[in-house]
Amino acid sequence: MTNRTRTATALVVLILWATLASTAASTRTRWTTAQLEELRSMSITELPPLPPDPTNRVADDPRAADLGRRLFFDTRLSSNGRVACSTCHQPERGFQDGIALAVGVGTTARRTMPIAGMARSPFLFWDGRKDSLWAQALGPLESPVEHGGTRAQYAHLIAAHYRRDYEAVFGPLPDLSAVPGSAGPAGDATAMTAWSTLNETLRDLVTSVFVNIGKAIAAYERHIVFGASRFDRYVAAVTAGHPGDDVLTEDEIAGLRLFIGRANCSQCHNGPLLTNNEFHNTGVPSRPELPLDRGRLTGATTVVGEEFNCRSRWSDARQRCAELDFIVTGAHTLDRAYKVPSLRNVAERAPYMDGGQLATLADVLDHYNRAPAAVGGHSELRSLRLKSIELRQLEAFLRTLSGPVLVDGRAAAGATP
Amino acid sequence: MKTLHTLMILAVLTAASTLTACSHAMMMIHGTGARRPAASEFTLGPRASVEGRYVATLEPSQPLRPRQMQTVRVIVRDVDGRGIDDAQIVVDGGMPQHGHGLPTRPRVTRSLGDGIYEIEGVRFNMGGWWEFRLAITGSRGVDTVTFNLAV
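Chain order of the listed sequences is Y and S.
So for the first sequence, our numbering puts the first residue at 318; every next one is plus one.
So for the second sequence, our numbering puts the first residue at 32; every next one is plus one.
Hints are computed from structural coordinates only; laboratory data are not their basis.
A couple of the hints might just be wrong.
Derived Cβ-Cβ restraints for the label pairs, each shown as a range [unchecked claim]:
#1 S:Ala-166 / Y:Asn-397: 55 to 63 Å
#2 Y:Glu-606 / S:Val-121: 21 to 29 Å
#3 S:Leu-75 / Y:Arg-374: 31 to 39 Å
#4 S:Ser-71 / Y:Gln-352: 17 to 25 Å
#5 S:Val-121 / Y:Gly-693: 23 to 31 Å
#6 S:Asp-116 / Y:Ala-557: 31 to 39 Å
#7 S:Glu-72 / Y:Glu-517: 56 to 64 Å
#8 Y:Pro-371 / S:Val-121: 52 to 60 Å
#9 Y:Gly-693 / S:Ser-71: 17 to 25 Å
#10 Y:Asp-377 / S:Gly-83: 50 to 58 Å
Glycine included, C-beta positions come from ideal geometry on N, C-alpha and C.
Work the whole structure out from these sequences, hints included.
The structure is reproduced here in structure tokens:
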């Protein structure tokens, strides 16, 4: 080997070493001040106290929450005696069911949403067609494919089995002796006919009990929260000036860097719950067996005229409805836009999207990377052009967002009636 | 053959123009290439309108934070500092770097006199650079003032 060859070889080795070293170091590079601020803003510790819900006067009444907890697990709140809220919102699965389309007394057209943190969301359901937790809880109860029962049936159930606890929270139960066992504005033909024969006073009495069921369930659901994840422990470490590399791996940190950087995830998945609570069309395919639905375009119009919305006579604060007062309806951008879900515990709840269309986290990341055209409306995505290793790093990061779901500070798996 | 050729060119042109129209209309989650203004451009005012008819100042009731419904007062004056009452103000805005508008429809809900107006329903759904535009129709004519806000 001549001197020149030796020098050249040494140079090549040096360059290779420097390149490798800089690649390895890049994942460990310090966060900038702005990035640290962004990371801090995503930490669970940054969640402000749960705001009150003035539309529900018992929202923070512990007796209402206790009543709501028992109602949440009671399968008698259904047409066949086998479906409770907890049938789909299973505590041991983070209050969801792990299947593509929820199954109550029939099969629904949507993926079950988890409950933790929902008390902070201005709009509920994938299309935001409800504007409070209590109004949301009433929807499935009267849906023919979910609980399948009627509001008169539920009012009678309260009178028969929960009278004392109900009255302690809401005052005397109305006299329901003139109300048939099953009647309601939704449901089967018999129930609807029975409802149409009731006078308005009786209908209102039944509806008032029905509404209070929703308010009690909402009071319980306000206690269901996310606990800290590994990601939160990492943020605590790095914002305190520690490297944090004993909390997250290099791949996970690289994934986090992509999450708040080139992958643009934090544009929508921001704040301590990793959601902006808005609605976006991301070109998710529709389910072939279901009719094409328009998502938020329909949901926004629905919630404005909804029977139990903030402005309705069933609300306890009809004058304070900023979300409805300033809502965007009818806009082209709402077409097939769906709610941005929290990414906390996302790895624990496959399949994904409004109809469980995407089976795995890898499928979801592949979807965002390819950014296919929307089947309706316009997708807001553009291809990310991430390499497969970067997609794996993103997935690794998403898995660090898993933590316990807590009810009154205890793991939800033990949250049985 | 020639007709076919012309048709094909037409088809390609139509497809291209449709695609361009689509990409302009939609809100793009991935960058638009808009460049963030210099730090000195980020101000709550006083800020002159485009044609210099008005000077506007924003006074948020609380510091601007993401994901919260907020109320912002705007003070509209003429160049001599006189408050402009009875103006019509239309609120608009968005994130130039992301190509999306405001997630709500904020509007003036109260006129407090001396050129002071209250705008309710303001929400920014993420942190970063937001434009906040006021189209003002008042005694000095029609003009627009755009604020750059760091949320």
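*Are there hints from earlier that the structure breaks, and if so, what are their numbers?*
Hint check: 2, 6, 8, 9 fail, others pass.
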